[in-house]
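If you read the sequences in order, they're chains A and B. Number 183 in full-length UniProt numbering belongs to position 183 of the first sequence; there are no gaps in the numbering. Number 31 in full-length UniProt numbering belongs to position 31 of the second sequence; there are no gaps in the numbering.
Think of the hints as simulated: they come from the structure by calculation, not from any bench. If you're wondering where the values come from, they're calculated on a predicted model, not measured in any experiment. Just so you know, not all the hints are guaranteed correct.
Because identical chains cannot be distinguished in the list, a pair is counted as satisfied if it fits within a single copy or across any two copies.
When the alpha-carbon atoms are kept at most 20 Å apart in a straight line, the in silico DMTMM-like pairs for lysine to aspartate or glutamate are as follows [to be verified]:
| hint | residue 1 | residue 2 |
| --- | --- | --- |
| 1 | K52 | E18 |
| 2 | K2 | D95 |
| 3 | K48 | D162 |
| 4 | K52 | D86 |
| 5 | K190 | D107 |
| 6 | K190 | E90 |
| 7 | K185 | D162 |
| 8 | K48 | D7 |
| 9 | K52 | E34 |
| 10 | K207 | D245 |
| 11 | K185 | E238 |
| 12 | K190 | D95 |
2 protein chains.
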Amino acid sequence: MKVRRSDRLIDMTRYLLERPHQLVSLTFFSKRYESAKSSISEDLTILKRTFKARGTGLLETVPGAAGGARLIPYMGQDEADALVADMVTELSQADRYLPGGFVYMSDLLGQPTTLRQIGRLMATEYVDTPVDAVLTIATKGIPIAQSVAEFLNVPFAIVRHDSQISEGSTVSVNFVSESRQRIEKMALAKRSLAAGSRVLLVDDFMKGGGTIGGMRSLLAEFDAVLAGVSVLAEGAFEGNRVVPDYTSLLKVSATDNQIHVAPGNYTQKIYTPERVNLISE
Amino acid sequence: MKVRRSDRLIDMTRYLLERPHQLVSLTFFSKRYESAKSSISEDLTILKRTFKARGTGLLETVPGAAGGARLIPYMGQDEADALVADMVTELSQADRYLPGGFVYMSDLLGQPTTLRQIGRLMATEYVDTPVDAVLTIATKGIPIAQSVAEFLNVPFAIVRHDSQISEGSTVSVNFVSESRQRIEKMALAKRSLAAGSRVLLVDDFMKGGGTIGGMRSLLAEFDAVLAGVSVLAEGAFEGNRVVPDYTSLLKVSATDNQIHVAPGNYTQKIYTPERVNLISE
Chain A
1 MKVRRSDRLI DMTRYLLERP HQLVSLTFFS KRYESAKSSI SEDLTILKRT
51 FKARGTGLLE TVPGAAGGAR LIPYMGQDEA DALVADMVTE LSQADRYLPG
101 GFVYMSDLLG QPTTLRQIGR LMATEYVDTP VDAVLTIATK GIPIAQSVAE
151 FLNVPFAIVR HDSQISEGST VSVNFVSESR QRIEKMALAK RSLAAGSRVL
201 LVDDFMKGGG TIGGMRSLLA EFDAVLAGVS VLAEGAFEGN RVVPDYTSLL
251 KVSATDNQIH VAPGNYTQKI YTPERVNLIS E
Chain B
1 MKVRRSDRLI DMTRYLLERP HQLVSLTFFS KRYESAKSSI SEDLTILKRT
51 FKARGTGLLE TVPGAAGGAR LIPYMGQDEA DALVADMVTE LSQADRYLPG
101 GFVYMSDLLG QPTTLRQIGR LMATEYVDTP VDAVLTIATK GIPIAQSVAE
151 FLNVPFAIVR HDSQISEGST VSVNFVSESR QRIEKMALAK RSLAAGSRVL
201 LVDDFMKGGG TIGGMRSLLA EFDAVLAGVS VLAEGAFEGN RVVPDYTSLL
251 KVSATDNQIH VAPGNYTQKI YTPERVNLIS E
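Work out the full structure: start from the sequences and follow the hints.
Have a look at this one:
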């Protein structure tokens with residue numbers, strides 16, 4: 001039975017949203033809705049316009065018989081600034097101060113709505129750069145990595161501080177943890193990353209970059225390539241960071257029982273003139 | 001400017017999908033699209049029909065001026081059976097066998113598409129039962145918990161084997177780990193769970209249920225209430241489980257270098273006649 005345009009538009013929206021970055025062919029939609037390719041093409045034009053107007057994402061259409069459409073989700077800068085401003089307000093609350101100069105952020109990393117927004121914002125930096133996998137380290141980087149991976153539609157893998165029996169063979173490296181002032185070990189299951197993968201490193205917090213540096217050494221062990229580094233928050237740090245090139249959504253520090261939270265460097269890193277152009281295409 | 005029906009339907013689909021279980025008012029949509037409430041009501045009728053026809057979810061509409069709509073995502077049994085059959089095939093591969101009778105599953109737990117399906121299936125058990133929070137334990141339960149929490153649109157919290165300085169005060173309990181044959185400790189940050197919360201416990205794997213039992217003891221410490229237990233896979237276990245009532249998607253065991261994977265008890269637990277009725281309403 002032929003499907004009405006309104007029903008097609010609703011189902012195509014869901015279908016494309018669930019498969020970011022994946023090319024869905026005209027032929028597939030045409031069969032799914034028993035509708036002519038010309039009608040599907042018109043649907044895609046409507047979808048493209050609405051997705052753009054509402055800041056949902058860029059619908060890339062590939063012309064021709066073998067063509068189709070690919071939804072590339074992004075977050076516009078206005079929405080990003082509003083999200084970061086909300087997080088700054090939320091994290092600045094005095095009762096988040098923890099002894100030792102830490103800031104309690106775990107609740108934020110357990111809110112699906114916030115995580116989805118963080119993931120969509122971090123993924124925006126890669127609308128025009130290929131990423132094959134996301135890598136994070138247990139425990140608090142996981143929810144962020146999962147959310148970014150969802151929007152990039154690539155697998156994510158988890159580096160661990162211990163090597164578990166249920167992971168099989170692992171590769172491990174040593175790294176210097178500044179927060180604990182000692183040399184530690186991190187391990188990644190051998191089957192986690194394919195050689196040649198372009199990998200985005202994600203974590204919740206970065207100070208001197210020792211942990212991220214360790215993850216970068218792991219990439220070399222797997223013959224994988226660094227695609228970028230994204231952290232939710234960077235802490236105050238004097239001196240040269242192990243990893244100089246990274247994107248942060250927030251800058252967080254806590255001194256003298258006071259929490260200081262400010263926007264990170266995401267504006268310069270994500271909203272370059274070229275990328276803003278592409279998004280508003 | 002008044003928004004066309006096609007554009008409204010596309011944007012409402014996205015808006016509702018991003019906010020499962022949340023009542024969105026007619027007034028809100030009417031303002032967002034500068035359209036009459038009567039038009040929005042018609043849109044909701046179309047959405048409800050398509051969401052049902054495609055197995056996306058149940059669109060509950062609340063009539064009246066203060067009314068609106070709430071999308072309750074679910075997975076129909078045919079789709080669930082297909083998902084479980086795929087996972088059985090995938091996990092039955094001989095090269096997943098690990099020394100000690102373990103099965104390598106970490107890659108599955110790093111696939112956004114698979115995780116989304118697992119979360120939607122597990123959430124289906126709670127289309128008619130209130131859940132306020134999801135609780136899991138580090139590390140491998142996290143991706144599943146996050147996905148279920150996304151579909152239930154509730155926060156999730158992470159129990160840890162160590163208590164971290166960046167978590168603030170924690171409450172800890174002891175539990176018997178069968179896999180390691182010893183008493184261990186698990187801890188949860190005090191701010192993680194509100195008293196009275198109805199909590200769904202989620203983990204990747206359960207054998208005798210010692211870990212889940214420990215999490216249940218934690219609930220008591222937080223004056224929280226057990227809403228249910230969902231695990232991706234249950235292992236073979238002789239004797240009485242610590243937690244007798246649980247839902248599993250898979251049954252996994254590995255003996256004599258051989259992996260045995262079969263569907264879990266989800267059919268009886270999730271697809272009860274009452275719930276199937278509700279879903280196909």
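Against the structure, the hints:
1. K52 - E18: Cα proximity of K52 and E18: in one copy and across copies (17 Å, 17 Å).
2. K2 - D95: neither (58 Å within a copy, 45 Å between copies)
3. K48 - D162: Neither. Shortest intra-copy (46 Å) and inter-copy (48 Å) distances fail the 20 Å Cα cut-off.
4. K52 - D86: neither (24 Å within a copy, 36 Å between copies)
5. K190 - D107: This pair counts as between: shortest inter-copy Cα distance 11 Å, intra-copy 32 Å.
6. K190 - E90: Answer is between: at 18 Å across copies they meet the 20 Å cutoff, but 39 Å inside does not.
7. K185 - D162: This pair counts as both: shortest intra-copy Cα distance 8 Å, inter-copy 16 Å.
8. K48 - D7: So K48 and D7 pass the 20 Å test inside a copy (17 Å) and across (10 Å) alike.
9. K52 - E34: Classified as between: cross-chain Cα gap 18 Å, same-chain 27 Å, threshold 20 Å.
10. K207 - D245: Result: close within a single copy only, 13 Å intra versus 44 Å inter.
11. K185 - E238: neither (24 Å within a copy, 37 Å between copies)
12. K190 - D95: Intra 42 Å, inter 13 Å, cutoff 20 Å: inter-copy only.
Hints 2, 3, 4, 11 from the list above are not met by this structure, while the remaining hints are.
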